[in-house]
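J.: One letter stands for each residue in the lines below.
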Amino acid sequence: MNLHIDDFKNDDVATLKLSGEIDAYTAPQLKEKLLGYVKEYDEVQVDLEKVNYMDSTGLGVFISALKTSKENESKFKLINLQENVYRLFNITGLNEVIDIENTVQGGM
Amino acid sequence: MGSTKSGKQDYKQLLMEYLETGDESVLYRAEQFSKNSIQQSISPDEIVNEHYQSLLDIIPDMDDRIKSSFQFLIETMISYGMAYQEYHVLREKQIELRSEIGVAANMQDTLLKTQVPQVDSLDIGVKSVAAKEMNGDYHHFIIDDKGNIGIAIADVIGKGIPAAFCMSMIKYALESFSENQIFPKYILDSINRVVERNVKEGMFVTMFYGFYDVDTNYFHYASAGHEPGFILRKESHEFEEIDAKGLLLGVESEVTYEEKFTQIEKDDIIVLFTDGVTECRYGDRFIEQEEVLDVIKSFSHLPAQEIVDSVYKYFERLQDFELRDDFTIAVLKRIK
Numbered sequence: 000m001n002l003h004i005d006d007f008k009n010d011d012v013a014t015l016k017l018s019g020e021i022d023a024y025t026a027p028q029l030k031e032k033l034l035g036y037v038k039e040y041d042e043v044q045v046d047l048e049k050v051n052y053m054d055s056t057g058l059g060v061f062i063s064a065l066k067t068s069k070e071n072e073s074k075f076k077l078i079n080l081q082e083n084v085y086r087l088f089n090i091t092g093l094n095e096v097i098d099i100e101n102t103v104q105g106g107m
Numbered sequence: 000m001g002s003t004k005s006g007k008q009d010y011k012q013l014l015m016e017y018l019e020t021g022d023e024s025v026l027y028r029a030e031q032f033s034k035n036s037i038q039q040s041i042s043p044d045e046i047v048n049e050h051y052q053s054l055l056d057i058i059p060d061m062d063d064r065i066k067s068s069f070q071f072l073i074e075t076m077i078s079y080g081m082a083y084q085e086y087h088v089l090r091e092k093q094i095e096l097r098s099e100i101g102v103a104a105n106m107q108d109t110l111l112k113t114q115v116p117q118v119d120s121l122d123i124g125v126k127s128v129a130a131k132e133m134n135g136d137y138h139h140f141i142i143d144d145k146g147n148i149g150i151a152i153a154d155v156i157g158k159g160i161p162a163a164f165c166m167s168m169i170k171y172a173l174e175s176f177s178e179n180q181i182f183p184k185y186i187l188d189s190i191n192r193v194v195e196r197n198v199k200e201g202m203f204v205t206m207f208y209g210f211y212d213v214d215t216n217y218f219h220y221a222s223a224g225h226e227p228g229f230i231l232r233k234e235s236h237e238f239e240e241i242d243a244k245g246l247l248l249g250v251e252s253e254v255t256y257e258e259k260f261t262q263i264e265k266d267d268i269i270v271l272f273t274d275g276v277t278e279c280r281y282g283d284r285f286i287e288q289e290e291v292l293d294v295i296k297s298f299s300h301l302p303a304q305e306i307v308d309s310v311y312k313y314f315e316r317l318q319d320f321e322l323r324d325d326f327t328i329a330v331l332k333r334i335k
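Note that the protein sequences, when read in sequence, are chains Z and G.
Heads up: the first sequence begins at 0 in numbering that gives the first Met the number 0, then just goes up one per residue.
Heads up: the second sequence begins at 0 in numbering that gives the first Met the number 0, then just goes up one per residue.
Keep in mind that the hints were calculated from the coordinates and are not lab data.
Some hints could be false.
[Unchecked claim] Partial list, computed: chain G residues near chain Z (C-beta under 10 Å):
#	residue
1	Asp-56
2	Asp-242
3	Leu-247
4	Gly-249
A virtual CB, placed ideally from N, CA and C, is assigned to each residue, including glycine.
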């Protein structure tokens, strides 16, 4: 399974729309792109509506993005998470430190 | 050219025999010849060249166009030969690396070894299986002089060799606590600082820490972003989730963890695992948590070690079972 990344930019806000799975194979490409955006833009949002599977490697990517955004004083948030993906953020307590907006029904 | 004179003679001999007899057994010897050539790192273009030289001897009046065509073929095969040489070098390197990783995995086993405590009141079993050579899961037991038991189950996010180093650090940090400090909240507060300070960006740890008091039969626990544990209650024959809120280790330096406790009755079973257990797949399907719990329940009459072994065996036998992540499951059964 692959991960497809679409990006939309306007002025200071960049949106990455992901579709597919985030795991050890797809995480490196996501990390490279996401960290670049977080450094470049004042606000970055990642749309996870079409991500139906994410493992702990994905969490690592978003934690790195959170740290980078703090260093760069930019905003970073996740939107439209499927339930099973949100569950990971909830278990790990990351929902308390990462800005998460909207979770959507559905999943597997 | 690395081919030997006798090799050339052999090839020519084989070719002549084949042209004369058409005997299939010669084809078999030709196969042996090519295997030998591979062992001696003879490249494909050299074999084509041998074929050409042999033909010149066998058919002296060969058409010039056929001769040229062989020169053409040899040139074409040269880049094949180079790719082949490169493949050889990479293969040797790979063998070397694999043996290094083997050494590292052995070291990990030695460094991280933990003894399952033997106490009167508890029967304890653990099963930990690495998806790849290096295990990213870790479990550790601490026993104090009163026989109270501390158990840590951890999953390092970011696998392989760096994860193994990270785990050694956690193990030594865990072992440095004095016996009156082995309460879950205190341990997670401290370990979090150790991980946050010492682990490079991009590596994080989830940990569940439990402390079983053998006098009161209370189980105290705290979680740093780890999968919740469960207690299979003897009385109701139902699972009860045990979870405490807490951020995974290494993200922020000052985190205060929540500690909870629960009374454990005789024949209650405490079950702790890592997310590898619910991340394994068979075919297109993930194994659901309820399914894991059902399987545990079906083996709950067995001794603790047999429960965890049977659970793993059960999933391993499923068709197209695929272990995507390291799998660790620990069971503590109160028997007195």
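J.: Closer than 10 Å between Cβ atoms is the bar; does Asp-56 of chain G clear it against chain Z? Give me holds or violated.
T.: This hint is violated: Asp-56 of chain G lies away from chain Z, its Cβ roughly 54 Å from the closest one there, beyond 10 Å.
J.: Close enough to count: is the Cβ of Leu-247 of chain G nearer than 10 Å to one in chain Z?
T.: Hint holds; Leu-247 of chain G Cβ to chain Z Cβ min 5 Å, cut 10 Å.
J.: Going by Cβ atoms only, is Asp-242 of chain G closer than 10 Å to chain Z?
T.: Holds, about 8 Å.
J.: Given Gly-249 of chain G was flagged as interface, is its beta-carbon under 10 Å from a beta-carbon of chain Z?
T.: holds, 9 Å
Of the numbered hints listed earlier, the single one contradicted by the structure is hint 1.
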